[in-house]
Amino acid sequence: MSKVSKGVLGMANYDTVIGLEIHVALLTDSKFLCSCSTAFGAPPNSQCCPVCLGLPGSLPTINEKAVECATKAGLALNCQINLFSKFDRKNYFYPDLPKAYQITQDAYPLCSRGFLDYYVDDQLVRTEITRIHMEEEAGKLIHSGSSIVSSDYSLVDYNRAGIALIEIVTAPDIHHPGQARLFVEQLRLLLSYIGVSDTKMEEGSLRVDANISLKPKDSDLLGTKVEIKNLNSFRALEKALEYEVSRQGEILDQGGTIRQESRTWDDRAGRTMSMRSKGDAPDYRLFPEPDLPPLCLEPAWVESIRASIPELPLERLGRLEEQFGLSRYEATFFVHYPDFCQIFFDLAEYDLSPKAIVNFLMGDYARLARERGHLDARRIAGLLTIVKEGLIGANQEGVVLDALFSSEKSAREIVKEQGLEALRDSTELQGVVDGVLTANPDLVARFRSGESKLLGYFVGQVMRATRGKADPEVVNKLLEEALS
Amino acid sequence: MIDRHDVMRMARLARLELSEEEIDQYQEDLMRFLRSGQKLQQVDVAEVEGTSHAVHVAHELRPDQVGTSLRQEAVLSLGPRVEQGFFRVPRIVEGQE
Ligand SMILES: [Zn+2]
Chain A
7 MSKVSKGVLG MANYDTVIGL EIHVALLTDS KFLCSCSTAF GAPPNSQCCP
57 VCLGLPGSLP TINEKAVECA TKAGLALNCQ INLFSKFDRK NYFYPDLPKA
107 YQITQDAYPL CSRGFLDYYV DDQLVRTEIT RIHMEEEAGK LIHSGSSIVS
157 SDYSLVDYNR AGIALIEIVT APDIHHPGQA RLFVEQLRLL LSYIGVSDTK
207 MEEGSLRVDA NISLKPKDSD LLGTKVEIKN LNSFRALEKA LEYEVSRQGE
257 ILDQGGTIRQ ESRTWDDRAG RTMSMRSKGD APDYRLFPEP DLPPLCLEPA
307 WVESIRASIP ELPLERLGRL EEQFGLSRYE ATFFVHYPDF CQIFFDLAEY
357 DLSPKAIVNF LMGDYARLAR ERGHLDARRI AGLLTIVKEG LIGANQEGVV
407 LDALFSSEKS AREIVKEQGL EALRDSTELQ GVVDGVLTAN PDLVARFRSG
457 ESKLLGYFVG QVMRATRGKA DPEVVNKLLE EALS
Chain B
311 MIDRHDVMRM ARLARLELSE EEIDQYQEDL MRFLRSGQKL QQVDVAEVEG
361 TSHAVHVAHE LRPDQVGTSL RQEAVLSLGP RVEQGFFRVP RIVEGQE
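Chains A and B, in that order, give the protein sequences. Numbering-wise, the first sequence is residues 7 to 490 according to my numbering. Numbering-wise, the second sequence is residues 311 to 407 according to my numbering.
Check before you lean on any hint, since a few could be wrong.
[What the hints assert, rightly or not] Just a few of them, taken from the derived set where beta-carbon distance is under 7 Å, the chain B residues facing chain A:
1) 323
2) 342
3) 374
4) 395
5) 397
It is worth saying that the hints were derived from the structure and are not from the lab. Note that the Cβ used here is the ideal one computed from N, Cα and C, for glycine as well.
Here chain A stands alone, though its shape is the one from the complex (with noise of 0.2 Å):
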């Protein structure tokens, strides 16, 4: 396990403990135990049957995909898939909890033992993944204030209730805030490459809690953890752990002790609150789930689950930089857009150089992309290739560029067309170079007495003259001539 630089916050004397769990939501057409829609943004309680809401004599059953999902999260996070594995029933009162208890996994998950390696500053580090396990989701709260403490009700929508989820338990081994959101942002990745879930923060189908603790650095004993919840982005993912490691750190400092309990995290105050629960503390009276039987998997089912999972974010990033000899800056950038990615994998299959590949899509083109959809690589490739020939000059690559994403033609064609050729014929420029000196007489004389750098001033009237179209290697070695 790699060491991770401690502390950003200067609690010099803690060591900070985090323990991720991450919820996500699977992504399929139904519901994990009924076959009400998941679709988002319907209206709210619209998307609700006697199953997910507990009616009395429903029957659960289990949806296949959502089996298919999670067992492919567990193989891409390295966990052993477990060909056993059951569903318990939790009990609790909550207002998101139209059922009054949640099917989830308790002694025997699907998945156990993984890790995920990703990169802190430069330094691959390892997270252990303790367990993957598959349950419902909660319906969704609008509260009243600005956050569930300040509320005084709020609003229930339980279309969300019974959308088949994920619960990712990481071992305790996550040492800074900034680590634990680098950790999440390539989980979030990964879940994207491998299609199990869209991942979207903002919409709530990727939530975290974090546990956090801090212990002095001497200690192997654990301090006493608290849970934060609510953390529905990276940034405040990120900004409650560092508040949490600033008060956990003060009321140590003071010689005082951390209440064990769970905290919401208010963005808009900046702020954890304490969430004190009315009544008892939770106990769940879990029990194995009377109404779904074991879920038994046959190894050649996980086989060919395993066969199914794409090239991941972390193997991508190396064969970028191995293959085609990217820096970490450039094969980041396209393995953080597997769009772009793709394009510069047909690219590569042309005779181009991975360099002039990179430059172009990182460049204008990234732009242009984002705006109006991409190019075909083919199409790309055409105007690299004229360019790398030297055809046209590199302020007329714009121009094609412009006129590709607005028209069916080719590169060439545009080129023709538009007369783009560059012009490199010392005769045809000879004139043109004659011209702008003779046009400046001042300024020839100032640079014969050693105003060198005018001859920039000379270049750029030339290839004004020339709509920019003039060989600048060849015009700048006519300049030269004439005037020396």
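Got chain A; can you put chain B with the ligand on it based on the hints?
Chain B with the ligand only, in chain A's frame:
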């Protein structure tokens, strides 16, 4: 041994309001369950494989297809207070900083 306190705690967890007589009745019923359990514990199960479920059926997975849900009015009719298509619930937690 189950005492009245246990019954009251279970009732509270299940949000059940029990009268004094009902508490006595449930205490007696639950004691009977426990006694049956104790009887079962005397059986030698060294040779018996663990049971995780009462019925032995192979799980049947359902294809991921959207079916019909209840109408919104039908769903909302199940709650005591609604507002703009939502259920309205009172304050959930008491908080402090
Ligand atoms: Zn349903």
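Okay, the hints, checked on the actual structure:
1. 323: holds, 6 Å
2. 342: Where the cut-off is 7 Å and the nearest Cβ of chain A is about 19 Å from residue 342 of chain B, the hint is violated.
3. 374: holds, 4 Å
4. 395: holds, 4 Å
5. 397: holds, 4 Å
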